[in-house]
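> Chains as they are written, first to last, in our numbering: chain A, 1 to 293; chain B, 1001 to 1238.
Everything labelled a hint here was simulated from the structure, so no lab data went into it.
From the three backbone atoms N, C-alpha and C, an ideal C-beta is built for every residue, glycine too.
Be aware that a few hints might be false.
Stated by the list, open to error - Stretch by stretch, here's where chain A covers chain B in the computed footprint (C-beta under 8 Å, at least three residues): (1) 1020–1026; (2) 1037–1050; (3) 1159–1171.
As the list claims (entries may be wrong) - Facing chain A, from chain B, some residues (calculated, C-beta under 10 Å): (4) L1032; (5) T1058; (6) T1069; (7) D1078; (8) Y1200; (9) T1204.
Letter by letter, the chains look like this.
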Amino acid sequence: MTVGSTIHDIGYRHYDGRRLGRGYVLRSLYVHNLRACHGFGRPARAKVMPSILALIMLIPAVVDVGVVAFTKEPGALMRYSSYAVTLQVIIAIFLAAQSPVLASRELRFHVVPLYFSRPVGPLDFVLAKFAALVTSLFALMAVPVTVLYVGGLIAKVPGSADQLLRYLGALVGCVVFALVLAGIGLTVAAFTPRRGFGVAAVIAVYLLPTTFVLIVQGIAEVRTQFTLQGWMGLFAPFNLVDIVQVRLLGAQRSAVGVPPGIAGGLIALALCTAIVAGSIAVLYSRFRKAGLS
Amino acid sequence: MNPTIAMITFRAMLGRRRALLLFALPLLLVVLAVALRVTGVADLEISSLVLQRFAIATLLPLVALVAGTGVIGPEIDDGQIMYVLTKPIPRHVVVLTKLAVAIALIAVFAVLPTFVAGLLLAGTTAQLALAFGIGMLAGGIAYGAVFVALAVVSRNAVVIGLLYALVWEALLGNFAPGAKSASVQQWALSVADTFTSASYVRSTVDLPVAVVLLVLVTAAGTLLAVLRLRSLTVAGAD
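Turn these sequences into a full structure, and let the hints steer you where they fit.
This is the structure in structure tokens:
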């Protein structure tokens, strides 16, 4: 052998076919993680929770469309952009349940080095996980919103051009929701590999700041300090993304506090970007380190 | 009660980074209490609101979930429970010990911080701190028993517990009054209501009913956990 990449050459026949390359590796990891997100390729008990949560997400949309079709009352149609904010608890539980599936299991069983002994870099590894969770969360939110939109079309809700615009705006909102939530969920789960703890830690990171912000916003509203009420919204994940939706995507307000002007929206968007970039950086260093041991 | 099992469980719950999670949970409540005290907005109404919504409705279920499922869930999942079950210790002793550890953790990481926050917010006015301390402890014991049982019964214990605590108690309670009365949170609030003269603390359940239900749920949870652990078969994890 003239190639210097092998330590031992005990005479086995070499693979000299086509190498599928980095893109193929990335795609395979992505598909694997996306399947894992919904429990495909794993026992039935891993499929139960994601399916139940996805079903719960669909129920209000279906019921609402039914009500609109039955009563011919277009005002009863839920606003597309408010769907994720209204059902945030379910989305948060889905995030808490599934992000440890993606980010904790390899760490718990110490198999990360096995991945990196192949032509996979830590960045590809992390990006594939991130993209898979984002896709899965987006589907979780976008499917019911699409049901609402299509249901509205069938029930002949007036103003179809306006509805389409709002629907597309809500879809962009769903992407931002998915990106921010996936960043938070994966980062927290990557630092709590013990089973069950990851779920609790992710939900705690969502729930405690949200409750904290809601209480402070409530007090601020009573004392008519609406500026404080608006800016506090930056510290609760769903409120943060709703600020982006309201100030930059032209949606109506769904969360409690929204700071004024385009500036508020830009700051919220900057914070979202920082969360996503920061979480990818943290995940990268976490998995790179885990791959060395 | 078996001191060795208790010690091992404490070590598993508080070892290394895990303790960090348990310490971080009540921290925000204390921070909020200090902030409200310093800015001087902490009157009796706001104090009751904070203790109700933050302490009883959020902190208690979360800490109880971490403690209740954490003491036994991971051991069952990775099969380590076999090393405990194959020792000549009755299984009800195993369950009771784990439950006692869970309740101790809930007392330290949920009840005590609430008491401190209550003192910070309201001082000794209307016995608010003490009342919420007692209410939280009563609720914590019931939650602990329920979540330990859940962890023995199901692999998805944490998620099911979350669905109960966040969807059943918080969301459905707003729409269906019946669901609101059938919640540990309301029973704990009812106990707290009895010990304070503050009129802002109000529960949808009367005290005798709440106490009976708390005892009943605790007993049922413990019994279920014992019965299921008796016939536990350990399969491969994940």
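> Work down the list of hints and note, for each, if the structure agrees.
Here is how each hint holds up against the structure:
A count of 3 residues in the segment 1020–1026 of chain B with a Cβ less than 8 Å from any Cβ of chain A is obtained; the coverage claim is therefore met, three being the minimum. Note: the segment 1037–1050 of chain B has 4 residues with beta-carbon separation from chain A under 8 Å; the three-residue rule is met and the coverage holds. With 7 residues bearing a CB less than 8 Å from a CB of chain A, the segment 1159–1171 of chain B meets the requirement of three and the coverage assertion stands. A cut of 10 Å between beta carbons decides the hint on L1032 of chain B: the least distance to chain A is about 6 Å, and the hint holds.
Interface hint status for T1058 of chain B: upheld, as the beta-carbon distance to the closest one in chain A is roughly 5 Å, under 10 Å. Checking T1069 of chain B against chain A: minimum C-beta separation of about 5 Å stays under 10 Å; hint holds. Given hint, D1078 of chain B at the interface with chain A, holds; its Cβ is 7 Å from that chain's nearest Cβ, closer than 10 Å. Annotation: interface hint on Y1200 of chain B violated; nearest CB of chain A at approximately 13 Å, more than 10 Å.
The closest approach between the C-beta of T1204 of chain B and any C-beta of chain A is roughly 20 Å, which is over the 10 Å cut-off, so the hint fails.
Against the hints set out earlier in the document, violations occur for numbers 8 and 9.
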